[in-house]
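A.B. asks: Generate the whole structure from the sequences, applying the supplied hints.
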Amino acid sequence: MATNPALKPASWNDLPDANGHFGPYGGRFVAETLMEPIEELRVAYERMRNDAGFIAELDRDLAQYVGRPSPLYHAERWSAKLGGAQIYLKREDLNHTGAHKINNTMGQGLLARHMGKTRVIGETGAGQHGVATATVAARLGMECVIYMGAEDIKRQAINVYRMRLLGATVVSVESGSKTLKDALNEAMRDWVTNIDNTFYIIGTVAGPHPYPAMVRDFQAIIGREARTQILDQAGRLPDALIACVGGGSNAIGLFHPFLDDADVKMYGVEGGGDGIASGHHAAPLSAGTPGVLHGNRTYLMEDADGQIIETHSISAGLDYPGVGPEHAWLKDTGRASYVAITDTEALDGFHSLTRIEGIIPALESSHALAYAMKLAPTMNKDQIIIVNLSGRGDKDIHTVAAHEGITV
Amino acid sequence: MSRIASRFAALAKVGRKALIPYVTAGDPNPDVTVPLMHAMVAAGADLIELGVPFSDPMADGPVIQAACERALKHHVSLRKVLEMVKQFRSQDKDTPVILMGYLNPVEVMGYATFAQAAKDAGVDGLLTVDLPPEEAGGLLDELKKAGIDPIFLLSPNTSDERVRKIAAVASGFLYYVSFKGVTGANRLDVGAVATKLNAIRKLTDIPVGVGFGIRDAQSAADVSAFADAVVVGSALVKRIAELAEQPANINASLCEVLTAMRQAMDAQQRAVASR
Numbered sequence: 001m002a003t004n005p006a007l008k009p010a011s012w013n014d015l016p017d018a019n020g021h022f023g024p025y026g027g028r029f030v031a032e033t034l035m036e037p038i039e040e041l042r043v044a045y046e047r048m049r050n051d052a053g054f055i056a057e058l059d060r061d062l063a064q065y066v067g068r069p070s071p072l073y074h075a076e077r078w079s080a081k082l083g084g085a086q087i088y089l090k091r092e093d094l095n096h097t098g099a100h101k102i103n104n105t106m107g108q109g110l111l112a113r114h115m116g117k118t119r120v121i122g123e124t125g126a127g128q129h130g131v132a133t134a135t136v137a138a139r140l141g142m143e144c145v146i147y148m149g150a151e152d153i154k155r156q157a158i159n160v161y162r163m164r165l166l167g168a169t170v171v172s173v174e175s176g177s178k179t180l181k182d183a184l185n186e187a188m189r190d191w192v193t194n195i196d197n198t199f200y201i202i203g204t205v206a207g208p209h210p211y212p213a214m215v216r217d218f219q220a221i222i223g224r225e226a227r228t229q230i231l232d233q234a235g236r237l238p239d240a241l242i243a244c245v246g247g248g249s250n251a252i253g254l255f256h257p258f259l260d261d262a263d264v265k266m267y268g269v270e271g272g273g274d275g276i277a278s279g280h281h282a283a284p285l286s287a288g289t290p291g292v293l294h295g296n297r298t299y300l301m302e303d304a305d306g307q308i309i310e311t312h313s314i315s316a317g318l319d320y321p322g323v324g325p326e327h328a329w330l331k332d333t334g335r336a337s338y339v340a341i342t343d344t345e346a347l348d349g350f351h352s353l354t355r356i357e358g359i360i361p362a363l364e365s366s367h368a369l370a371y372a373m374k375l376a377p378t379m380n381k382d383q384i385i386i387v388n389l390s391g392r393g394d395k396d397i398h399t400v401a402a403h404e405g406i407t408v
Numbered sequence: 001m002s003r004i005a006s007r008f009a010a011l012a013k014v015g016r017k018a019l020i021p022y023v024t025a026g027d028p029n030p031d032v033t034v035p036l037m038h039a040m041v042a043a044g045a046d047l048i049e050l051g052v053p054f055s056d057p058m059a060d061g062p063v064i065q066a067a068c069e070r071a072l073k074h075h076v077s078l079r080k081v082l083e084m085v086k087q088f089r090s091q092d093k094d095t096p097v098i099l100m101g102y103l104n105p106v107e108v109m110g111y112a113t114f115a116q117a118a119k120d121a122g123v124d125g126l127l128t129v130d131l132p133p134e135e136a137g138g139l140l141d142e143l144k145k146a147g148i149d150p151i152f153l154l155s156p157n158t159s160d161e162r163v164r165k166i167a168a169v170a171s172g173f174l175y176y177v178s179f180k181g182v183t184g185a186n187r188l189d190v191g192a193v194a195t196k197l198n199a200i201r202k203l204t205d206i207p208v209g210v211g212f213g214i215r216d217a218q219s220a221a222d223v224s225a226f227a228d229a230v231v232v233g234s235a236l237v238k239r240i241a242e243l244a245e246q247p248a249n250i251n252a253s254l255c256e257v258l259t260a261m262r263q264a265m266d267a268q269q270r271a272v273a274s275r
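First to last, the sequence lines map onto chains A and B. Letter 286 of the first sequence, counting from 1, is numbered 286 in the numbering used here, and no numbers are missing. Letter 102 of the second sequence, counting from 1, is numbered 102 in the numbering used here, and no numbers are missing.
Just to be clear, a hint being listed does not mean it is correct.
[Said to hold, decoys possible] Coverage of chain A stretches by chain B, computed from C-beta distances (three or more under 8 Å per stretch; other residues unrestricted): (1) 30-42; (2) 169-182; (3) 185-196; (4) 332-341.
[Said to hold, decoys possible] Here are the in silico distance ranges between beta carbons for each label pair: (5) A:D232 / B:S159: 44 to 52 Å; (6) A:A401 / B:D141: 55 to 63 Å; (7) A:A18 / B:S159: 14 to 22 Å.
Derived by calculation from the structure, the hints in this document are not laboratory data. All values reported here derive from a predicted model rather than from experimental measurement. Where a beta carbon is used, it is the ideal one built from N, C-alpha and C, also for glycine.
C.D. replies: Right, here's the structure in full:
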């Protein structure tokens, strides 16, 4: 899809505007009591993102605690099997806690400490962001409360125990659909009640300004490293980037440092569930409409009355009815393309990479891999795709086994 | 003058403070709401705040969340809420009705379509809790054209500068949230509310109502000593929840609360007047 020149900013680095807008998306749609704390956060973040001491502190933790830089791995056998473009995997699965989520929680955790907050809260679906938040809270000696839908608690018992081992209190959310969106509602309620001592670590590039921009900036290390690494290994920029999109933090992290490279195509892959036509999916960019939820205007899964509808994806991390506002704008401007991969296709991607490269990917990342399996064969052997392998699949073993009728 | 402004002016003239009950439209079923609105007026309500059910009521506590869920089981949409107001308005031309809810149902209907439909139904004000004035431009224009008052929240941490900014675009009344938290919590500090209201009054002449944490006649009377209006929500909705299976008893139960509040607030005003 061609970029619409009328909509293209001088540089994508100029977004969002001062009020947190990406075109018509983003913004600050919160109750009055939260306006002061999000402004306090914006000011603190603006100060710290330019503070040499803060940057050095974060870089040190990312290197020595998280294990960055993560490798960029040329999956030669898999590329040969698919018979098209060369596929490189950005190995976020090798980070401490097994996913990209910690890039953001490390950044927000340090910011919370600089702001004098003693308590952090977070929401989680699959539990990856909850684990990454609890990990950083343990590392920084802060009280931690994680909100998780009662349904997700049942599905992700190991991550719940992991968070508790790390010292976090995991609160079961019984309202609404009892999943990620309800956990986010509940975390917002906690925050508005305890704003004096509490920092809300949002796990994705959504929420009121400055969260979408701040989380993007913390995750953009993925794309900055990948850009340097591909120039180093292949001597040129990639032709395409692929990443899965739930809220969209790993995708924006990979995409953002390449946005001004007009020849690099970008594909965000949503959870297609049982297929778009079935209505059972988690693909607001592919099949949703704009609306306002959780502090920002973006594409949503909603009915004709503006009520948020329940989503479905085999991957709990993609099971969210909204998406980061920057993705909404990248879609409308044509700078990135968004596609959906079904549960079945994602499982194919999961097995294919596992058997051919010896890497067990997260089910979220398997959506990106499955799209690479479609795209690579349409490209030449000297072309390059970078796929963000956003997390490792250990957490999903039980889901995959159950899907195949096997009890582990 | 809007129906809300006239109501506040008339109350001020007779030295009475406004009692504003909140119920979620369609809770526990759509048949209950309109008769309940009339009953609440008979029990002493001066304005009515009607909640528009939303799937994700982030600023509300468990009581009003559950009310939204009960109403949504009956698919009570914004359009259905407007029909209820229209039905209420056919018999009551005087009591102002304010819709309270979240932006998305209004956003999806479209600002212009909503404003016209709300005007036709006899809606007087709109309070969208997740819409600060910074994001409200397009909706404010449409509400103004339709003569509907935009009601905005103020909270304990709203700075003087923001109070001025909000008051500049609000009309009808301002809704002061008595504490940092969600609806239905028990955190009311009457002294702190009085102090902040004094500060707000130096910045605006718009009437100020107080809500969040008002649960009984005593707290209603205490707050009415310095507020222009008292909003009671969760304390009523809790009774609706308890009577969800016996909806015929809801009107009497809620009127009992409102009558007690009305009497206590009026006694409070008489005490002030006789000082």
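A.B. asks: Are there three or more residues in the stretch 332-341 of chain A whose C-beta lies within less than 8 Å of some C-beta in chain B?
C.D. replies: Violated - the stretch 332-341 of chain A has 0 residues with a Cβ nearer than 8 Å to chain B, which falls short of three.
A.B. asks: Please check whether A18 of chain A and S159 of chain B have a Cβ separation lying inside 14 to 22 Å.
C.D. replies: With a Cβ separation near 18 Å, A18 of chain A and S159 of chain B satisfy 14 to 22 Å, so the hint holds.
A.B. asks: Apply the coverage criterion to the stretch 30-42 of chain A and chain B: a residue qualifies when its Cβ sits closer than 8 Å to a Cβ of the chain, and three qualifying residues are needed.
C.D. replies: With 7 residues in contact (Cβ-Cβ under 8 Å with chain B), the coverage given for the stretch 30-42 of chain A holds.
A.B. asks: Between the stretch 185-196 of chain A and chain B, see if three or more residues pass the 8 Å beta-carbon test, and mark the coverage as holds or violated.
C.D. replies: holds (count 7)
A.B. asks: For the hint 44 to 52 Å, verify it against the beta carbon of D232 of chain A and that of S159 of chain B.
C.D. replies: Since D232 of chain A and S159 of chain B have Cβ atoms about 50 Å apart, the given range 44 to 52 Å holds.
A.B. asks: Between the stretch 169-182 of chain A and chain B, are there enough contacts, at least three residues with CB-CB distance under 8 Å, for the coverage claim to hold?
C.D. replies: holds (count 4)
A.B. asks: Per the hint of 55 to 63 Å, is the separation of the Cβ atoms of A401 of chain A and D141 of chain B within bounds?
C.D. replies: holds, 56 Å
The structure shown violates just one earlier hint, number 4.
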